[in-house]
Amino acid sequence: MTTLFAEWRDRPLDDALAACRDLLDDDRFPTVRRWREAGGKVIGHFQVYFPEEIAHAGGLLPFKVRGAAVEPTRAESHFGSYLCSILKTSLELTLSGRVELEAFFTHPICDAARNLAAVWGRNTPYPCQIVYLPQNANSAHAAEYLRHEYDRVRRVLEPIAGRAIGEADLAASIAVYNENRALIRELYALKRDAPWQLGADEAYVLTAIGGLLRREEHNEILRALLPQIRGRPAKARDRIRVVFEGGFCEQPPLDLIRMIGRSCHVVDDDLLIGLRWIVSDVVPDGDPLGSLAVAYLEQSSHSPVQHDARKPKGPMLLERIRAARAQAAIVTAAKMCEPGLEEQVVHTRTLDEAGIPYFVSEFEENMTSFEQLEIQLETFVENLLFE
Amino acid sequence: MTATAEIVGRGNSDGARLFREWFADLTAAAAEGRGAAYVFVMGSLAELLRTFDLPIVFPEINSLQTAVRRVAHEYLAEAEDYGYSPDICGYVKADVATQLRGGALPMGRIPKPAVSVLTNACNTYIKWGEIWERMHGTPAFVLDVPGSRAAGLRPGPGDADFEGDRRYVLAQLRELIPVLERVSGQRFDVDRLRESLRHANTMSRAWQRLLELNRSRPSVFNALSDGTIFLGVANALRGSAAGAAYFEDLVEEMEYKVAHGIGTLTEEKWRLVFVGVPCYPIFRRFNELFGEWGGTFVNSTYLWFASGGTNLGYQYDLAHPLESLAEGLLVSVRDAMDSMFFQTGILADMIDAFHVDGVVFHPIKSCRTVSTGLADNRRALMEQRDVATLFIESDMMDRRVVSEAQLKNRVDAFFEGLAARKASAALAQSRR
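So the protein lines, in turn, are chains A and B.
The numbers in this note's numbering rise by one with no breaks, and the one at position 376 of the first sequence is 1743.
The numbers in this note's numbering rise by one with no breaks, and the one at position 386 of the second sequence is 426.
If you are wondering where the hints come from, they were derived from the structure by calculation, not from laboratory data.
Here a beta-carbon is modelled for each residue, glycine too, at the ideal position from N, C-alpha and C.
Just to be clear, a hint being listed does not mean it is correct.
Derived DSBU-like pairs (lysine-lysine); straight-line CA-CA distance at most 35 Å [to be verified]:
#1 K152/B x K1702/A
#2 K1431/A x K1702/A
#3 K1702/A x K448/B
#4 K462/B x K309/B
#5 K1431/A x K1678/A
#6 K462/B x K448/B
#7 K1702/A x K1408/A
#8 K152/B x K1678/A
#9 K1431/A x K1408/A
Sample of chain A residues facing chain B (criterion: CB under 8 Å; computed from the structure) [to be verified]:
#10 Y1449
#11 C1477
#12 M1734
#13 S1736
Chain A is nowhere near these chain B residues, computed Cβ spacing over 12 Å in every case [said to hold, decoys possible]:
#14 R74
#15 K152
#16 Y208
#17 R257
#18 I269
#19 H300
#20 R325
#21 D397
#22 E433
#23 E444
#24 L458
#25 A463
#26 S470
Please model the entire structure based on the sequences and the hints provided.
In structure tokens form, the structure reads like this:
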């Protein structure tokens, strides 16, 4: 199998982490290019969650479309004024030729994103579709419906893969992804239990590169680096433990995450929650598509873009804070993000009622200046420390 | 009184009266302390809810009424003080303020929600339902209606994908009924549903006919101004005898106008299509900006999606009421979504069938469902058809982002362009 990313190998930990960071920062998407140069095909899928296993089982590279730090010079004229950045920069990736795809999927996660398949489809020659993940997670029929929808995705992908995507292929891919999810859980456990061992930005980089790689490679990286991170000399620091909330779709700039990490220990978050949506192993045998469907509904995390009466948003945030033994929360939203901004009200009111301190802000993926924000955050943290 | 005087204008006056009566009923229900079903225009399920005698509240309609009555800013400010961002849906914020005011609106008072039924035609519906869940403990039932997966991908009955979706919608309806029984204290009565569907069939047939009748020259109603009145009745009285009768009368009126060559108040020079959501903070003035140039809106995507796809004229099979309700809901709500997301072909067809001179795209800050794809749709449409288009941004609720002077400049330039196109075409014709 083609190696997409070798730059981290045989290098000291800090250099390996720097190589991962460089990969994430590179808006030419070198791993995707290498995959294509080797004859591989690429399936783009927009935030938040997509059953990558189906594409992986067909020998395709799933590519997580999550915006980029690029100027949307071509995409801008395809949208109106009052829109989040991620939609524009995501379209820019394809209009500018930075990323070439064989298919693109989006989901009805929000009012803006559900338009994206239509916009994308009018400007590209390949299949661009909406995957209708169930919004009635509480229906007894939702899993059966979703299994059918996943089967439809499989039927769209098979001609691109040039072969049938069988049960055995799916089972093998589920096993790879189960390992990946377990390793990311390990990473998050480390972040929670010994946050001084790795920076918030390092943890983010190690998670996020999963969206750019075959998961076998991502697994190899995590398997190799996690023990090194755990074993590196680091002094436990008494910083405020915070949960970062609001990164389920558009991503804050890495520098912003690093800035937060300078003031606090980020012990849990919802950054790229789609990569961690399924929280326990998916049963690979029997009916793999059915297992994936059940896992989406029954073995899953929570986010502002999924309604599930069993997961009321306020209590779920409190549970995330409790499980991470956090003392405070950073409640953010991407600019112009309807679900994120609406959720901020729920979160702040919930935290008020629970007496948990919080810091509220908005961000944009392309923002470059954090001085004001850093001063405000430091003031917030100092207030907590000297309370 | 002449036949003309009796018939022409009846739809608008009767519509206004029915609307007032509907709101008076809601106010009475609020006074009695009854709980209501809160629903939305795309997939309201009024046909089913009505059989449980639940008062039906349409928060979108209430919110837009605050804008038309020029008090929206008070409601928006109150919701923003509560914590909501200036950058989210204005309808949501007006409703939050309404809830904080105990249901008080300029037209009366609405009852509290006993249940909310939300389709996924707009994601904000779902977030909205979650607000009532938290404020009042109201159960939110999300009725998930999968839409088209891609442009032109519309499988029909018999297709495995369609059948998968239909089974899902039907299963949810069967799950909803016990919820409604519990909330209303009434048992489900299939015969009452049959009756309600029969009225809805009449209304849908009439709605489809109404839209067809506006192909005539001159057009017989303005899709933006008159159409909004018709939409209000279509939503509020869907599935009722009064609603069905209203629309039968309305079709009679419009057929009369067609037969006698009676147009709208505007002397029709330019036939336009409106794409988006109206500018309610200056509703009358917005329409005048076009009317002053002889422009009238002969159709709109609003009459499609805000009627929940009633434009299809879907007819329920009364022999299989629940199964047919599921199919009708699936087909109609999917169509409503298509007219927002995959509208290029729909607009091209409208241009041809309605002899359209120009298309006005009106994306708004408040509604990303409708607005996100409009700029790209416009580009695609202009590749397909040689038609003049205007792209103007404002809002449906928030007067802070409505600049009448800027709108007027753009509209004036649009009509000057239309006139120049016409002159140029006439010149080219004379040279042939």
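Against the structure, the hints come out as follows:
{"no.": "1", "hint": "K152/B x K1702/A", "result": "holds, 32 Å"}
{"no.": "2", "hint": "K1431/A x K1702/A", "result": "holds, 21 Å"}
{"no.": "3", "hint": "K1702/A x K448/B", "result": "holds, 30 Å"}
{"no.": "4", "hint": "K462/B x K309/B", "result": "holds, 11 Å"}
{"no.": "5", "hint": "K1431/A x K1678/A", "result": "holds, 25 Å"}
{"no.": "6", "hint": "K462/B x K448/B", "result": "holds, 21 Å"}
{"no.": "7", "hint": "K1702/A x K1408/A", "result": "holds, 33 Å"}
{"no.": "8", "hint": "K152/B x K1678/A", "result": "holds, 24 Å"}
{"no.": "9", "hint": "K1431/A x K1408/A", "result": "holds, 14 Å"}
{"no.": "10", "hint": "Y1449", "result": "holds, 4 Å"}
{"no.": "11", "hint": "C1477", "result": "holds, 5 Å"}
{"no.": "12", "hint": "M1734", "result": "violated, 16 Å"}
{"no.": "13", "hint": "S1736", "result": "violated, 20 Å"}
{"no.": "14", "hint": "R74", "result": "holds, 24 Å"}
{"no.": "15", "hint": "K152", "result": "holds, 19 Å"}
{"no.": "16", "hint": "Y208", "result": "violated, 4 Å"}
{"no.": "17", "hint": "R257", "result": "holds, 32 Å"}
{"no.": "18", "hint": "I269", "result": "holds, 26 Å"}
{"no.": "19", "hint": "H300", "result": "holds, 41 Å"}
{"no.": "20", "hint": "R325", "result": "holds, 22 Å"}
{"no.": "21", "hint": "D397", "result": "holds, 24 Å"}
{"no.": "22", "hint": "E433", "result": "violated, 6 Å"}
{"no.": "23", "hint": "E444", "result": "holds, 18 Å"}
{"no.": "24", "hint": "L458", "result": "holds, 23 Å"}
{"no.": "25", "hint": "A463", "result": "holds, 29 Å"}
{"no.": "26", "hint": "S470", "result": "holds, 36 Å"}
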